[in-house]
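Protein chains: 4
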Amino acid sequence: MNNLTSLKQKLRTFSEDRDWDQFHSPKNLSMALIVEVAELVEHFQWLTEEQSRTLSEEKLGEVKEELADILIYLVRLADTLDVDILRAAGEKIEKNRTRYPIEKAKGNADKYTKFD
Amino acid sequence: MNNLTSLKQKLRTFSEDRDWDQFHSPKNLSMALIVEVAELVEHFQWLTEEQSRTLSEEKLGEVKEELADILIYLVRLADTLDVDILRAAGEKIEKNRTRYPIEKAKGNADKYTKFD
Amino acid sequence: MNNLTSLKQKLRTFSEDRDWDQFHSPKNLSMALIVEVAELVEHFQWLTEEQSRTLSEEKLGEVKEELADILIYLVRLADTLDVDILRAAGEKIEKNRTRYPIEKAKGNADKYTKFD
Amino acid sequence: MNNLTSLKQKLRTFSEDRDWDQFHSPKNLSMALIVEVAELVEHFQWLTEEQSRTLSEEKLGEVKEELADILIYLVRLADTLDVDILRAAGEKIEKNRTRYPIEKAKGNADKYTKFD
Numbered sequence: 001m002n003n004l005t006s007l008k009q010k011l012r013t014f015s016e017d018r019d020w021d022q023f024h025s026p027k028n029l030s031m032a033l034i035v036e037v038a039e040l041v042e043h044f045q046w047l048t049e050e051q052s053r054t055l056s057e058e059k060l061g062e063v064k065e066e067l068a069d070i071l072i073y074l075v076r077l078a079d080t081l082d083v084d085i086l087r088a089a090g091e092k093i094e095k096n097r098t099r100y101p102i103e104k105a106k107g108n109a110d111k112y113t114k115f116d
Numbered sequence: 117m118n119n120l121t122s123l124k125q126k127l128r129t130f131s132e133d134r135d136w137d138q139f140h141s142p143k144n145l146s147m148a149l150i151v152e153v154a155e156l157v158e159h160f161q162w163l164t165e166e167q168s169r170t171l172s173e174e175k176l177g178e179v180k181e182e183l184a185d186i187l188i189y190l191v192r193l194a195d196t197l198d199v200d201i202l203r204a205a206g207e208k209i210e211k212n213r214t215r216y217p218i219e220k221a222k223g224n225a226d227k228y229t230k231f232d
Numbered sequence: 233m234n235n236l237t238s239l240k241q242k243l244r245t246f247s248e249d250r251d252w253d254q255f256h257s258p259k260n261l262s263m264a265l266i267v268e269v270a271e272l273v274e275h276f277q278w279l280t281e282e283q284s285r286t287l288s289e290e291k292l293g294e295v296k297e298e299l300a301d302i303l304i305y306l307v308r309l310a311d312t313l314d315v316d317i318l319r320a321a322g323e324k325i326e327k328n329r330t331r332y333p334i335e336k337a338k339g340n341a342d343k344y345t346k347f348d
Numbered sequence: 349m350n351n352l353t354s355l356k357q358k359l360r361t362f363s364e365d366r367d368w369d370q371f372h373s374p375k376n377l378s379m380a381l382i383v384e385v386a387e388l389v390e391h392f393q394w395l396t397e398e399q400s401r402t403l404s405e406e407k408l409g410e411v412k413e414e415l416a417d418i419l420i421y422l423v424r425l426a427d428t429l430d431v432d433i434l435r436a437a438g439e440k441i442e443k444n445r446t447r448y449p450i451e452k453a454k455g456n457a458d459k460y461t462k463f464d
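Chains as they are written, first to last, in the numbering used here: chain A, 1 to 116; chain B, 117 to 232; chain C, 233 to 348; chain D, 349 to 464.
Just so you know, the hints here were simulated from the structure itself, not pulled from any lab data.
Cβ coordinates follow ideal geometry from the N, Cα and C atoms, glycine included.
All the given hints hold, so there is nothing to weed out.
Heads up, incomplete: computed chain D residues facing chain B, CB under 10 Å, no partners named:
id	residue
1	380
2	383
3	384
Go ahead and model the full structure; you've got the sequences and the hints to work with.
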C-alpha cells in the first residue's frame, strides 16, 4: 500500500460519514476539481513568472493549501472511477517519451502535434 | 520513499533532459494544469451525472489518460515550489474535519461558510 | 457603435486610470478570465441540472455578477488583441452550421469530429 | 436591439433546430464555457507575457476563434438564465469603481479585499 491509497481510503470514509457519495459523481467532482485549480491560478494571475518562482512564506502557505485541495479531489475522482492514477501517470510518461524525443523537444515548448 | 516521490524524480529528469525548466515556472504550470483538467471536464460536459458514473471502456480509457496528465502537472508544479502534497493533503483533511462536522455536513453539500 | 464597443471603451479608461495596462497582457487576462468562469462553475458544481435551471433569486443574483465579470474580462482581453468578438462569433456560427448539419446533430451532443 | 441580442436569437434558433435545449442546462453550459476558456489559456501557457502581446497572424486567428466560442457559450448560458449580461457588466463596473478607487488601485494589482 502506498500513501495515495491511504489518502483514498481516508477520503472515502470522510465522504461516507457525511453521506456525500450522492454528490460525488465524476461529473460533479470534475467541476469541483477545476474550481480548486482555478483558485491556484488566481494566486499567479498578476505575478510575473519570476515572482511565481519566489513566493513569500504567506503566499506559499496559501498555494500549498490549494495544491492539497487539488490532490484531494483528484484522488477522490479517480476513486469513483476506480482508476489507479499513479500507474496511469507512469504509463503516460512512457507515452510522452515517444512523443517528445529529446532531439526534437530540447528547449522547445511546442506540442508534439507540431513536430514534423 | 513513496511512489509520488519516484514520480517527481522521473518528471524532474524528463524536464531537465529536454531543457524545459525554463518554461516550468509555477505560473505556467498552473496554466498547463487547468488546461488538462478542462480536457477532463470536456468528457463530462454533456453527460448526465448517472452517465458519468458508468463510462464505456473506451471513454474510461480516455478519462484515465487525462487523470494521468493532471497528476503529472500537479506533481511537477508542487516540485517547483518544494511542496509535499501528500502531507499538505493530510493536513487539509484534518482542517476539513473541523470545518465539516458530521452533524452539520451530513447529506448537505453547502460550503462551510454557509453553516450558521 | 454597439454596446460592446461602449463597454470596451469604459474598460479601457478604467484600466488606464489605474495604470493597470502593465498587468493586462493577454496571458494574464486569460488567467483572470478562467478564474471568473470557475467562480461560476462553483455555483453549479453540486446542483443537479434541473436545479441549475431553477435558481433562487439570491443565487441568480450571484450568478449574474459572475456572468458580468466574465464578459468584462472577455471584452478586455479581446481589446488587447484588437479582436472584434461579435464579428468572430458570427463567423463561428456559420462554421458551426457546416460542422453540425441538422440531420446529423439533431438530439445528438457528440462533437463533430465523431460524426462519420 | 443590440448585436448581442441578435447573437442570442441566432444561438437560440441554432439550438432549437438541433434539439439541443435538453443538453443546455446552465450547469452543462458552465462546463462547456470553461472548456472553451481553457483552450484559450492553452495558447498562452508557454508564452511569455510579451509574446502573448505580439502573436503571429496564424496564432491570432486561432485565438480569435476561441474568443468567439467563449462569447457564444456565454451568451447562450446567460439566455438560459434570462440574464442581460451587458446591463450586468455595466452595473459591475460601477461596483468596481467603488471597490478600486484610483488612489488605492493605481499601479497595484491587489484584490480589493487586501486594501486596508
